[in-house]
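In order, the protein sequences belong to chains X and A. The numbering used here puts the first sequence at residues 1140 to 1272. The numbering used here puts the second sequence at residues -9 to 213.
These aren't lab readings, by the way, just hints derived from the structure by calculation. Treat the hints with care, since some could be wrong.
What the hints assert, rightly or not - Derived lysine-lysine pairs resembling DSS-like cross-links, with alpha carbons at most 30 Å apart:
#, chain 1, residue 1, chain 2, residue 2
1, A, K5, X, K1205
2, A, K146, X, K1205
3, X, K1166, A, K4
4, X, K1205, A, K177
5, A, K194, A, K177
6, A, K4, X, K1205
7, A, K146, A, K4
8, A, K5, X, K1166
9, A, K52, A, K146
Quantities reported herein were computed from a predicted structural model and do not represent experimental measurements.
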Amino acid sequence: MHELSIAASIVEAVTESASAYPGARVKEVRLRVGALASIVEDSLQFCWELASEDSPVSGAALVIHKLPVIVHCDACGVDSEIEGVQSFRCLQCGELAADLRQGRELEIESIELEEPDTGESQIGAPNPVEEQL
Amino acid sequence: MTTRIVELRRGILKKNDELAAGLRQRFTSAGVLVLNLVSSPGTGKTAFLELTLRELRSRGAKAAALVGDLETDNDARRLAASGAPVRQINTHGICHLDAEMVTKHLDGWEGVPLAGLNYLFIENVGNLVCPSSYDLGERIRVALLSVTEGEDKPLKYPGLFNSSDAAVITKIDLAAPCGFDRELALKNINEIRPGIRIFETSAKTGAGMEEWLAYLAEQARYS
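Input sequences plus hints: build the corresponding full structure.
Here it is, written out as structure tokens:
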């Protein structure tokens, strides 16, 4: 049950990144989570609501993109996408494959912000921080 | 309203990972081999570590331990009986150790300079899930499982076993009464972490300790 610590880390990281865009509201947070990352999705969603409440990212949706395990086979050189996490074998030749190429990810991929219209282009560098009185 | 997508591509545990990288550098420059011991509660990590510390000391090696638990310093007192310097980390409810806790407890550890050690063992909080996400700067992560827990433990907790560098089966003196299927356990570990070094031990009889100590000595040479 470390999902609460994980959720708190996401809140912290997103708050920090979103602070470069004053006035923007965080609408969505997109994660990449490997099958071996030991994360229970429902539990993380539940903890996300708790951790984000009363924070600058409150109300943002958490979208979890799950990544399957991919192993590289030393025997035949093929990469295999493994179904589940019960056996790490090459799908081509059946050999055990220890070389993990994907599956432990625990990353924030991107955030979606909603910004008030300023009439300026939204592409490129963040808006300069305006002096506020 | 306008929508903007900002690519972040950052690890959720980036802060922990950065601290762990700093620790790893400290351990490497001090020449100390650091191991992170992870298992369920009751596997026998403390008994295994007690014997390891005692054996290392009797061979003239300098070893120390940090031990994590939610509450109490019972394990630290048990381990300290080996004569090795031991420090307890109480997490007060947190189910794993993280790099910050390790850093804090190393920094305030009077009289135990890293450079004077050959080995530092970090006994994690008893938990097979959460510790697997937190790098502590260790060079070797050890997953332990006892013969009383069932041969399918590695299949149930692949996150930990797959990220470990060595596996230790404990309490093998109880293998027969428990009906422990050794071949199946070895096969299951190997399915999840192909090629991993596996040690079959008993802290009660001392079985398997020679191989384990030889492995430690061999690994320490590269520290």
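How the hints compare with the structure:
Our distance criterion of 30 Å between C-alpha atoms is met by K5(A) and K1205(X), whose separation comes to about 22 Å. For the proposed pair K146(A) and K1205(X), the alpha carbon gap of about 19 Å is at most 30 Å, so the pair holds. Taking the CA atoms of K1166(X) and K4(A), the gap is about 22 Å. The hint holds against a cut of 30 Å. For the suggested pair K1205(X) and K177(A), the alpha carbons sit about 28 Å apart, so the restraint of at most 30 Å is met.
Of the pairs offered as hints, the one joining K194(A) and K177(A) holds, with about 25 Å between alpha carbons and a cut-off of 30 Å not exceeded. Proximity of K4(A) to K1205(X) is assessed by CA-CA distance (about 19 Å); at most 30 Å being required, the pair is judged to hold. Between K146(A) and K4(A), the direct Cα distance comes to roughly 27 Å. Compliance with the 30 Å bound is thereby established for this hinted pair. Pair hint K5(A) plus K1166(X) holds up; C-alpha atoms about 24 Å apart against a cutoff of 30 Å.
Among the hinted pairs, K52(A) with K146(A) is inconsistent with the structure: their alpha-carbon atoms are about 36 Å apart, more than 30 Å.
Violated hint for the displayed structure: number 9, the only one.
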